[in-house]
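Next come the chains, spelled out residue by residue.
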Amino acid sequence: MIELSEERHEALVELINICFGRAMASLAELLESHIHLSVPVIRSVSPEEVIKALTASIEEKDEVTIVQQAFGGEFAGEAVLALPGWTSQSLVAMLTEQSGFTSDLEIDKLNLEVILEVGNIVIGACLGQFAELLESRISYSPPAVFLDRITSAGLKERLTTREMGALLVQTRFSHKEREVTGYLFFFLSQFCLEGLFKAVDRFIEKMS
Amino acid sequence: MPLSLLLVDDSPFGRKMVKKCLPPGDYRIREASDGRECLDLYRQEAADLVFLDLTMPEMDGFETLARLKEIDPDCRVIVVSADIQPAAREEVMKLGALDFIKKPPSSETIKEAVARVQS
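First to last, the protein sequences are chains A and B.
Counting the first sequence from 1 gives a position; the working numbering is that position plus 811.
Counting the second sequence from 1 gives a position; the working numbering is that position plus 606.
Hints in this document: simulated from the structure, not taken from any laboratory.
In this text, all values refer to a predicted model and were calculated from it rather than measured experimentally.
Built from N, CA and C at the ideal position, the CB exists for glycine as well.
Honestly, I wouldn't trust all of these hints.
To be verified - Subject to a maximum C-alpha distance of 30 Å in a straight line, what follows is the list of computed DSSO-like cross-link-like pairs (lysine-lysine):
1) Lys987(A) x Lys920(A)
2) Lys622(B) x Lys1017(A)
3) Lys675(B) x Lys622(B)
4) Lys625(B) x Lys1009(A)
5) Lys1017(A) x Lys717(B)
6) Lys626(B) x Lys1017(A)
7) Lys863(A) x Lys1017(A)
8) Lys987(A) x Lys625(B)
9) Lys625(B) x Lys675(B)
10) Lys675(B) x Lys1009(A)
11) Lys675(B) x Lys717(B)
12) Lys700(B) x Lys1017(A)
13) Lys700(B) x Lys1009(A)
14) Lys708(B) x Lys987(A)
15) Lys626(B) x Lys1009(A)
16) Lys1017(A) x Lys625(B)
17) Lys987(A) x Lys700(B)
18) Lys700(B) x Lys626(B)
19) Lys625(B) x Lys708(B)
Stated by the list, open to error - Among chain B residues calculated to face chain A with C-beta under 7 Å, some are:
20) Ser610
21) Phe619
22) Gly620
23) Met623
24) Gln650
25) Ala672
26) Ala688
27) Asp689
28) Ile690
29) Ala693
Chain A extracted, bound-state conformation (with noise of 0.2 Å):
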């Protein structure tokens, strides 16, 4: 498991809420509606607990719609966007409503473009943020979109960080009026937590 201490862990939660809070002002501007945020939450896990960590957070556990995007650089991961059924239904429902889309005929098709898009700019604001505050350089791989309603099973088919302990970064958002609620996990490998933890100490040394 991995070891984060103290001072690191509540520089990351600090980051982490900055990056997200970005990413939900871009989410917000394309809903042109607000999004509350809750507060992050950081914790190592086991390789075993990646899966269950991330179904215990979706409350429809058989029915998640999943963004996911591997990053690369001083530090690696995986991006997750985790969207429960109805949520994914609601977004596109909101986006396409204010483009005035009516066919029937294309909604797969859409379907698959808005979630991608939302995922696109949720994960991208966070991990440009993340990047540019912490002075480092983040490349990204295209992301995949998995539209079914994928099982827990499914879902641990999808994930390749499943092999390897990680360090769970889980933040939460949802909307007022419309069922919108997801999830955003970051997965970071242990082998390449020495790079995350040097960006970490040079932020914390610029800050406090």
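Chain B: place on chain A using the hints.
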């Protein structure tokens, strides 16, 4: 007389960042890690300036600000938050905040906030 400050943030690092950005001066600093603690401390003794975070567990910064204004309508609050959505900014200004500073704060923005209260 030292300037009395109340720093409200569930993140100790968040409070540390504000303290680091304070210009040199004579301060009496009290810290609260949530909204309820902030209200308790303010009831015990008013502060010249409150630096308030928005995203906190239990009682968030919006509710804390509204309640602070009920206790003391003249209470001076500057929100320091990562929630940079325009709607969040509008709401806190409507609730009576003096200003909104996005995280991470800079020495300039904190210095301006303190100068505003001192003047």
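Now for the hints, and whether the structure bears them out:
Distance restraint check for Lys987(A) and Lys920(A): the Cα-Cα separation of roughly 27 Å lies within the 30 Å cut-off, and the hinted pair is therefore satisfied. For the suggested pair Lys622(B) and Lys1017(A), the alpha carbons sit about 11 Å apart, so the restraint of at most 30 Å is met. Of the pairs offered as hints, the one joining Lys675(B) and Lys622(B) holds, with about 25 Å between alpha carbons and a cut-off of 30 Å not exceeded. For the suggested pair Lys625(B) and Lys1009(A), the alpha carbons sit about 23 Å apart, so the restraint of at most 30 Å is met.
In summary, the hint linking Lys1017(A) to Lys717(B) is supported, as the alpha carbons are separated by about 18 Å, within the 30 Å threshold. A distance of roughly 10 Å separates the Cα atoms of Lys626(B) and Lys1017(A); the hinted pair therefore holds under the 30 Å criterion. For the given pair, Lys863(A) sits about 36 Å from Lys1017(A) by alpha-carbon distance, which is inconsistent with the 30 Å threshold. For the hint pairing Lys987(A) with Lys625(B), the CA-to-CA distance comes to about 34 Å; that exceeds 30 Å, so the pair is violated.
This hinted pair checks out: Lys625(B) and Lys675(B) have alpha carbons roughly 24 Å apart, not beyond 30 Å. For a cut-off of 30 Å, the pair hint linking Lys675(B) to Lys1009(A) is broken: about 42 Å separates their Cα positions. In summary, the hint linking Lys675(B) to Lys717(B) is supported, as the alpha carbons are separated by about 24 Å, within the 30 Å threshold. Between Lys700(B) and Lys1017(A) the CA atoms are separated by roughly 34 Å; this puts the pair beyond 30 Å, and the hint is violated.
Proposed proximity of Lys700(B) and Lys1009(A) is contradicted: the alpha carbons are some 41 Å apart, above 30 Å. Proximity of Lys708(B) to Lys987(A) is assessed by CA-CA distance (about 23 Å); at most 30 Å being required, the pair is judged to hold. Pair hint Lys626(B) plus Lys1009(A) holds up; C-alpha atoms about 21 Å apart against a cutoff of 30 Å. Note on Lys1017(A) and Lys625(B): the hinted pairing holds, with a Cα-Cα distance of about 13 Å set against a maximum of 30 Å.
Restraint check: the Cα-Cα separation between Lys987(A) and Lys700(B) comes to about 19 Å, which is no more than 30 Å; the hinted pair holds. For the hint linking Lys700(B) to Lys626(B), the alpha-carbon distance of about 29 Å falls within 30 Å, and the restraint holds. Restraint check for Lys625(B) and Lys708(B): the C-alpha separation of about 15 Å stays at or below 30 Å, so the hint holds. Among the interface hints, the one on Ser610(B) is violated; its C-beta lies about 22 Å from the nearest C-beta in chain A, farther than the 7 Å criterion.
The criterion of a C-beta within 7 Å of any C-beta in chain A is met by Phe619(B), whose closest approach is roughly 4 Å, and the hint holds. Contact between Gly620(B) and chain A, as hinted, is supported at the beta carbon level, the nearest pair being about 5 Å apart and thus within 7 Å. For Met623(B), the interface hint holds, since its Cβ comes within 7 Å of a Cβ in chain A; the closest pair sits about 5 Å apart. Evaluation of the Gln650(B) hint against chain A yields a violated restraint, the C-beta minimum of about 26 Å exceeding 7 Å.
The closest approach between the C-beta of Ala672(B) and any C-beta of chain A is roughly 16 Å, which is over the 7 Å cut-off, so the hint fails. Because the smallest distance between the Cβ of Ala688(B) and any Cβ of chain A comes to about 3 Å, under 7 Å, the interface hint for this residue holds. Annotation: interface hint on Asp689(B) holds; nearest CB of chain A at approximately 5 Å, less than 7 Å. The interface hint given for Ile690(B) holds, since its Cβ lies 5 Å from the closest Cβ of chain A, which is under the 7 Å cut-off.
Proximity of Ala693(B) to chain A holds as hinted, the smallest CB-CB distance being about 4 Å (cut-off 7 Å).
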